[in-house]
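Undergrad: Since chain A is already given, all that's left is putting chain B with the ligand on it; use the hints.
Read top to bottom, the protein sequences are chains A and B.
Taking full-length UniProt numbering, I'd label the letters of the first sequence as residues 1 to 163.
Taking full-length UniProt numbering, I'd label the letters of the second sequence as residues 1 to 580.
Hints in this document: simulated from the structure, not taken from any laboratory.
Where a beta carbon is used, it is the ideal one built from N, C-alpha and C, also for glycine.
Possibly wrong hints are sitting among the right ones.
Short derived list, chain B residues pointing at chain A, Cβ under 8 Å [as the list claims (entries may be wrong)]:
1. A136
2. G140
3. P144
4. I168
5. T171
6. G202
7. Y203
8. R211
9. K330
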Amino acid sequence: MSGFKHTIAVLVNDQPGVLQRVAGLFGRRGFNIESITVGQSEEVGLSRMVIVTTGSDTTLEQIEKQLYKLIDVIKVINLSSKPMVARELALIKVKAEPSARPEILGVVETFRASVVDIGANSMMVQSVGDTGKIDAIIELLKPYGIQELTRTGVTAMIRGNAQ
Amino acid sequence: MSAQTPEVRSTEQLREKWMKPEVISGSEILLRSLLLEGVECVFGYPGGAVLYIYDAMYGFEDFKHVLTRHEQGAIHAADGYARASGKVGVCIATSGPGATNLVTGIATAYMDSVPMVVITGNVATSLIGTDAFQEADITGITMPITKHSYLVRDVKDLPRIIHEAFHIASTGRKGPVLIDIPKDVSAAKELFQPPGDVQLRGYNPRTVPNRLQLDKLCRAIGEAERPLILAGGGVIYSGAHEALYEFVTRTQIPITTTLLGLGAFPSGHELWTGMPGMHGTYTSNHAIQQSDLLINIGARFDDRVTGKLDGFAPHAKIVHIDIDPAEIGKNVPTDIPVVGDVKTVLEMLNPIAPAAAKADAWRAQISEWKGTHPFKYQDSEEVLKPQWVIEMLNETTNGEAIVSTDVGQHQMWAAQYYKFNQPRSWITSGGLGTMGFGFPAAIGAQMAHPDRLVISINGDGGMQMCSQELAICAINKIPVKIVVINNQVLGMVRQWQELIYDNRYSHIDLSGSPDFVKLAEAYGVKGLRATNKEEARKAWAEAMDTPGPVLIDFVVAKGENVYPMVTQGSTIDQMLMGDA
Ligand SMILES: Cc1ncc(C[n+]2csc(CCOP(=O)(O)OP(=O)(O)O)c2C)c(N)n1
Chain A
1 MSGFKHTIAV LVNDQPGVLQ RVAGLFGRRG FNIESITVGQ SEEVGLSRMV IVTTGSDTTL
61 EQIEKQLYKL IDVIKVINLS SKPMVARELA LIKVKAEPSA RPEILGVVET FRASVVDIGA
121 NSMMVQSVGD TGKIDAIIEL LKPYGIQELT RTGVTAMIRG NAQ
Chain B
1 MSAQTPEVRS TEQLREKWMK PEVISGSEIL LRSLLLEGVE CVFGYPGGAV LYIYDAMYGF
61 EDFKHVLTRH EQGAIHAADG YARASGKVGV CIATSGPGAT NLVTGIATAY MDSVPMVVIT
121 GNVATSLIGT DAFQEADITG ITMPITKHSY LVRDVKDLPR IIHEAFHIAS TGRKGPVLID
181 IPKDVSAAKE LFQPPGDVQL RGYNPRTVPN RLQLDKLCRA IGEAERPLIL AGGGVIYSGA
241 HEALYEFVTR TQIPITTTLL GLGAFPSGHE LWTGMPGMHG TYTSNHAIQQ SDLLINIGAR
301 FDDRVTGKLD GFAPHAKIVH IDIDPAEIGK NVPTDIPVVG DVKTVLEMLN PIAPAAAKAD
361 AWRAQISEWK GTHPFKYQDS EEVLKPQWVI EMLNETTNGE AIVSTDVGQH QMWAAQYYKF
421 NQPRSWITSG GLGTMGFGFP AAIGAQMAHP DRLVISINGD GGMQMCSQEL AICAINKIPV
481 KIVVINNQVL GMVRQWQELI YDNRYSHIDL SGSPDFVKLA EAYGVKGLRA TNKEEARKAW
541 AEAMDTPGPV LIDFVVAKGE NVYPMVTQGS TIDQMLMGDA
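This is chain A alone, in the form it adopts within the complex (with noise of 0.2 Å):
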């Protein structure tokens, strides 16, 4: 059953090797790991991890459970059950010759990416926002030739309040 997308946020103790075993969890139980990161958290001592995954109900729930049984996982939290924020952050490298520049300038304004590096023929665009519009950046910009992307995974959070 692949089923939905899962995007699950995992704060944990910031001990050497618990990415390991986050990860480890996941690969070894077979649950899919579309994207993960991991940063300092609000708490010094804690990260948090935004892992992206896909399964079924069912899986969801025996990976929050397996995930609790972690020693060093403190909370779980399934962030897509509610009104979240999500962003990732792409940079592209693109290229781009003096006269096609006007144009992939007239992308990258539309879609409120930014430009952070020029080369002699070739600009670094950045771009920050759900997967899905950075899905559409980079098909836009495929045309005049990727040279080199990375995506970072998304990061996310519940909106205000929301509990």
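TA: Just chain B with the ligand, lined up with the frame of chain A:
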């Protein structure tokens, strides 16, 4: 044995002696910490990375160290000790090959939720990651098979880590915890201050169940016409056998116990239906399939129990009581989930549980099945039948021994024909099915219970996987009675090849096995052989009269199969019954 038993001291005395803040080495911190955790016995094997630890153990007698002949023997012995005693088993090995030799034993304990603390040495912190001599990333290797693990980077953390490790291993769903100690950490000196309370934010096992769920369960019992209890190892691990007995006598619900649950409920009781699953009883499997309420208490719906999942207990409302929330709904969708410690749950249930009053016809049905479909085999006067040997062991010991087994046909016959009435009397590798486990585990069980009769039942294949531990039986006068059910083949594999692979007997012939009697004698253990019933009775009587360890080689019929059998892909009531 008494000479080996360490002097028993009260925790108070120990505390007085050891709790004074003092600058000592990491190794001494380890030993003191183990004492403070109440450790009486550890199993281990030295090497370069743990030499400081072994040096600190020189002349040390506050707990006993058993030097096995292989790290695998050490970890299985620690496991057997833990299963038989209910305490945390402890095992020590060196870095690299010493540590990797523990992997099978750690996985065995993990699959069966056995509390263990495994201590490995590692190369010095400055060398970690350099592929130094005898370096292995043992925390990385064992991550999927430990409940938790630590790589100690600073000696200051050692007291806290050891205390946490014991806490994690022995609470919630129990399991093995690994502590990897680099050589410089075991050498470093530090002011030892015993740790305070364990504080782990992410670890709060829920022991007390939700009362509303218990009420739902009680209502379901009152309504059920065909209720059945499926009890597993969790009953034994939580010490809930008495509460379970009370629950069954109150509710009068028939009960089946899984392989790891054997001994959780007295086998002689009229409501006991035997073991379920692949080699379970006709009664248990049919009862599961026809039940309208299945109350799983501390079992995990293993595939050897459920058979084909869709089609399992098709008419039943499923209740699942487990300390581990992740088990609930993992394999079988649950109607009434109850998360909590099995003993706590049953003790809360007992005062409120009604009798299953609508189940008279069901109880009659079950008792009829029990009468018409017992385990059976075709006995013989010419050759020894393995089932007969187990029956003889059962009769002559009144079902009161601690029995460990290895893995294979003999394991299933022991489960079928030995009648357990007490918890922690049955020691077997259920989840991982580890050959080589049984004999060293019996040694551990005997260390835990020096005065009880411990019988180690092995196949001729598995016996050869840890036979080197005969040495520690002889040296430490560990009086295990070692039974080899010698059918000259890898019996369980032979059975599958016969029934499923069309008699294509690929690589199962054990010709070239040692003469087990001589093998025992080579280590200084008494060896006996039996090839017929009379010799068998005589040899067993002699073994029982001999104070120390004895090995008995029972040469049995080669082609015997374990029945009933549910082949893979069938529901559990589709059973091959054999021709007996
Ligand atoms: C370490 C390990 N290797 C292989 C197996 C697969 N296996 C399961 S039963 C069995 C045969 C065991 O033969 P034996 O020890 O002679 O016991 P028997 O079945 O004849 O009683 C084998 C090879 C296993 N369970 N464990």
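Undergrad: Would you mind marking each hint as holding or not holding in the structure?
TA: Against the structure, the hints:
Against a cut-off of 8 Å between C-beta atoms, the interface hint on A136 (chain B) is violated, since the closest Cβ of chain A lies about 15 Å away. Look at G140 (chain B): its Cβ gets to within about 7 Å of chain A, closer than 8 Å, so that hint holds up. Hint status for P144 (chain B) relative to chain A: holds, with the closest Cβ pair at about 5 Å, below 8 Å. Below 8 Å, beta-carbon pairs count as interface contacts, and I168 (chain B) has one with chain A at about 6 Å; its hint therefore holds.
Contact between T171 (chain B) and chain A, as hinted, is not supported at the beta carbon level, the nearest pair being about 11 Å apart and thus beyond 8 Å. A distance limit of 8 Å between C-beta atoms decides the matter here; for G202 (chain B) the minimum to chain A is near 4 Å, and the interface restraint holds. With its C-beta approaching chain A no nearer than about 5 Å, Y203 (chain B) sits inside the 8 Å limit, and its interface hint holds. This hint is violated: R211 (chain B) has a C-beta 22 Å from the nearest C-beta of chain A, more than the 8 Å allowed.
Below 8 Å, beta-carbon pairs count as interface contacts, and K330 (chain B) has one with chain A at about 6 Å; its hint therefore holds.
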